[in-house]
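K.L.:
Here is what each chain is made of, one letter per residue.
There are 2 protein chains.
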Amino acid sequence: MSISPKAALLEEYARVAGALSAPARLAILEQLAQGERGVEGLAEKTGLTVANCSQHLQHLRRAGLATSRRDGKSILYRLTDAKALALMDLIQIVAEGNVAEVDHILRSLADGLDPPEPVSRDELQARLENGAVVLLDIRPADEFEAGHIPSAKNITLADLAALIPTLNLNVEIVAYCRGPYCIYAHQAVAALRRHGLNARRMKGGLPEWRDEGRATEGVT
Amino acid sequence: MSISPKAALLEEYARVAGALSAPARLAILEQLAQGERGVEGLAEKTGLTVANCSQHLQHLRRAGLATSRRDGKSILYRLTDAKALALMDLIQIVAEGNVAEVDHILRSLADGLDPPEPVSRDELQARLENGAVVLLDIRPADEFEAGHIPSAKNITLADLAALIPTLNLNVEIVAYCRGPYCIYAHQAVAALRRHGLNARRMKGGLPEWRDEGRATEGVT
DNA sequence: TTCGTATTCAAGCAATTACTTGAATGATCT
DNA sequence: AGATCATTCAAGTAATTGCTTGAATACGAA
Chain H
59 MSISPKAALL EEYARVAGAL SAPARLAILE QLAQGERGVE GLAEKTGLTV
109 ANCSQHLQHL RRAGLATSRR DGKSILYRLT DAKALALMDL IQIVAEGNVA
159 EVDHILRSLA DGLDPPEPVS RDELQARLEN GAVVLLDIRP ADEFEAGHIP
209 SAKNITLADL AALIPTLNLN VEIVAYCRGP YCIYAHQAVA ALRRHGLNAR
259 RMKGGLPEWR DEGRATEGVT
Chain X
59 MSISPKAALL EEYARVAGAL SAPARLAILE QLAQGERGVE GLAEKTGLTV
109 ANCSQHLQHL RRAGLATSRR DGKSILYRLT DAKALALMDL IQIVAEGNVA
159 EVDHILRSLA DGLDPPEPVS RDELQARLEN GAVVLLDIRP ADEFEAGHIP
209 SAKNITLADL AALIPTLNLN VEIVAYCRGP YCIYAHQAVA ALRRHGLNAR
259 RMKGGLPEWR DEGRATEGVT
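Keeping their order, the protein sequence lines are chains H and X.
Residue numbers are given in this note's numbering: position 90 of the first sequence equals residue 148, and the series is strictly consecutive.
Residue numbers are given in this note's numbering: position 199 of the second sequence equals residue 257, and the series is strictly consecutive.
Note that these hints are calculated values from the structure, not bench results.
A hint or two may mislead.
Note that identical chains are pooled: a pair holds if it fits in a single copy or bridges any two copies.
[As the list claims (entries may be wrong)] Taking lysine-lysine pairs in the BS3-like style, the calculated list, with each CA pair at most 27 Å apart, reads:
1) K211 x K103
2) K141 x K64
3) K211 x K64
4) K103 x K261
5) K103 x K64
6) K131 x K64
7) K64 x K261
8) K131 x K261
All figures in this text were calculated on a predicted structure; none of them were measured in a lab.
Model the full structure from these sequences, guided by the hints.
P.N.:
Here's what the structure looks like:
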C-alpha cells in the first residue's frame with residue numbers, strides 16, 4: 059500500500075463529493091437539512107428500506123456531512139454543520155447555472171409561464187415586517203409543524219387549488235419549501251400564476267432561512 | 059421511463075457531485091483551476107492516459123464544471139466559471155473540517171511541528187505592498203511561468219533545501235501552490251520551519267488569488 | 001434479566017464506473 | 001485535396017457501488 063499523502067487526500071476529498079453523488083443520498087440530505095430525523099423516519103420520507111437508508115447514512119457520516127446521536131431508542135441524524143448545507147446549495151447552484159438539462163426541467167415546471175426572479179430572504183423578511191405579503195409553506199403538514207417561518211400558511215400542492223379562489227389578486231404571494239432540491243415551491247408558483255396571481259418563490263428553503271439565524275416557529 | 063421531474067433533478071445534481079467523486083478528476087480540476095490546458099498536457103500532468111483523461115474531461119463537461127474550445131489543432135479545457143472553483147474549495151473545506159482522516163494526513167505533513175494559521179490573501183497582498191515578506195511559489199517551473207503572483211520566487215520542493223541557507227531568519231516567508239488540493243506549500247512550510255524559519259502558508263492557491271481579481275504575471 | 005425495538009452488519013446480486021486498447025473522427029495545415 | 005495530428009469513440013474487463021434479504025447487535029423498558 060503506502061500511497062502518497064496527496065493521493066490519500068484526493069481520495070478523501072473524492073469521498074466527500076461521492077457522498078453527494080447518489081440521488082438517494084441527496085434526498086436524505088434534503089430531509090436532514092430540515093432538522094434531526096431518525097433512521098426510520100428518513101427511510102419513510104425517502105422511500106428507501108431502513109437497511110438501505112442506514113447504509114447511506116453511514117456513507118454521509120463518513121464523509122463528514124452527517125452526524126448522529128442517540129435519543130432514547132433511536133438514533134437521530136443531522137447535518138454536521140452549516141458547511142454541509144452550503145455544499146448542498148452550491149451543488150444545486152452549479153447545476154442550475156451550468157447544466158442545460160436542469161434549466162430545461164426547471165423551465166418545464168414553470169409550464170410555459172416565465173416565473174420572475176425568486177425573492178431574496180432579506181427582501182422577504184423586510185416585506186413580512188412591514189409590507190403586505192402572503193407567505194405559503196408548500197410542504198407536508200408534519201414538516202411544517204416541525205418548524206416554519208412565522209406567519210407562513212401551510213398548504214400542500216394537492217390542496218392549493220381550493221385555496222386559490224380565496225386569494226387576493228393584489229397581494230403578492232411568496233412560496234417556499236424544503237430547500238434547494240425541492241420543487242414544491244416551483245410548482246405552487248406555476249399554479250398560482252396560471253390563475254393570474256402575483257406569486258414568486260423564496261430563494262432557498264427553510265434550512266437556508268434558519269441557518270441565517272432568522273426566526274422560525276414550531277416544535278423542534 | 060418518464061421519471062418524475064424531482065427524480066430527474068436529483069439525478070442531475072448527483073451528476074455534478076459525481077464529477078468530483080473520483081481522485082483522477084480532482085487532479086484534472088486542480089490543473090484546470092490554474093488555467094486552460096490541452097488534453098495531452100492534462101494527461102501528462104495527472105499521469106493518466108490520453109483516452110482516459112479525455113473521458114474524465116467529458117464527464118466534467120457534462121456536469122457543467124469544465125468547458126472546452128478549440129485552439130488550432132488542440133482542444134483547450136478550462137473551468138466553466140468561478141462557481142466550479144468555489145465548489146472545489148468547499149469540498150476541501152468540508153473534508154478538512156469534518157473528516158478526521160484528512161486532519162490526520164495534513165497534520166502528518168507538518169511533521170510534528172504545529173504550523174500557524176495560513177495567511178489570508180488580503181493580508182498577504184497588504185504585506186506585499188508595504189511589508190517585508192518573501193513569497194515562494196512552490197510549483198513546477200512551467201506552471202509558474204504560465205502565471206504567478208508578482209514578486210513571488212519560484213522554487214520546487216526538491217530545490218528548497220539549497221535555498222534555505224540564503225534565507226533571512228527575520229523575514230517572514232509565505233508559500234503558496236496550486237490550490238486547495240495541493241500539498242506543496244504544506245510541505246515547504248514544514249521544511250522551512252524545521253530549519254527555524256518563520257514560514258506560513260497562503261490560504262488557497264493561485265486560482266483563488268486570481269479569481270478575486272488580484273494581479274498576476276506570466277504568459278497566459 | 002429478559003423482552004422488544006431500532007439500527008447496523010453481512011452476504012449476494014445487479015448495475016454502474018474506471019481504465020485499457022485499438023480504431024475512427026474531424027479540423028488544421030501544407 | 002490530402003496528410004497529419006489531437007481528440008474522441010467503442011468494446012472489453014476489473015473493480016466499485018447500490019440495493020435486497022436475513023441475521024446480529026445494542027440499547028431501553030419492563
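K.L.:
Now tell me if each hint is right for this structure.
P.N.:
Hints and how they fare:
With identical chains, the CA atoms of K211 and K103 are at most 27 Å apart within one copy only, with a shortest distance of 22 Å there and 56 Å across copies. Taking the shortest Cα distances, K141 and K64 sit within 27 Å of each other both inside one copy (23 Å) and across copies (24 Å). Taking identical chains as interchangeable, the C-alpha atoms of K211 and K64 lie at most 27 Å apart only when they sit on different chains, with a minimum of 23 Å there against 51 Å within one chain. Only within a single protomer do K103 and K261 lie at most 27 Å apart by alpha-carbon distance; the minimum there is 23 Å, versus 41 Å between protomers.
When the C-alpha separation of K103 and K64 is checked against a cutoff of 27 Å, the pair qualifies only between copies, where the shortest distance is 14 Å, while the shortest distance within a copy is 39 Å. Taking the shortest alpha-carbon separations for K131 and K64, neither the intra-copy value of 41 Å nor the inter-copy value of 33 Å comes in at or below 27 Å. For the homomeric pair K64 and K261, the shortest alpha-carbon distance between copies (18 Å) is at most 27 Å, but the shortest distance inside one copy (38 Å) is not. Within a single copy, K131 and K261 get their C-alpha atoms no closer than 37 Å, and across copies no closer than 44 Å, so neither meets the 27 Å cut-off.
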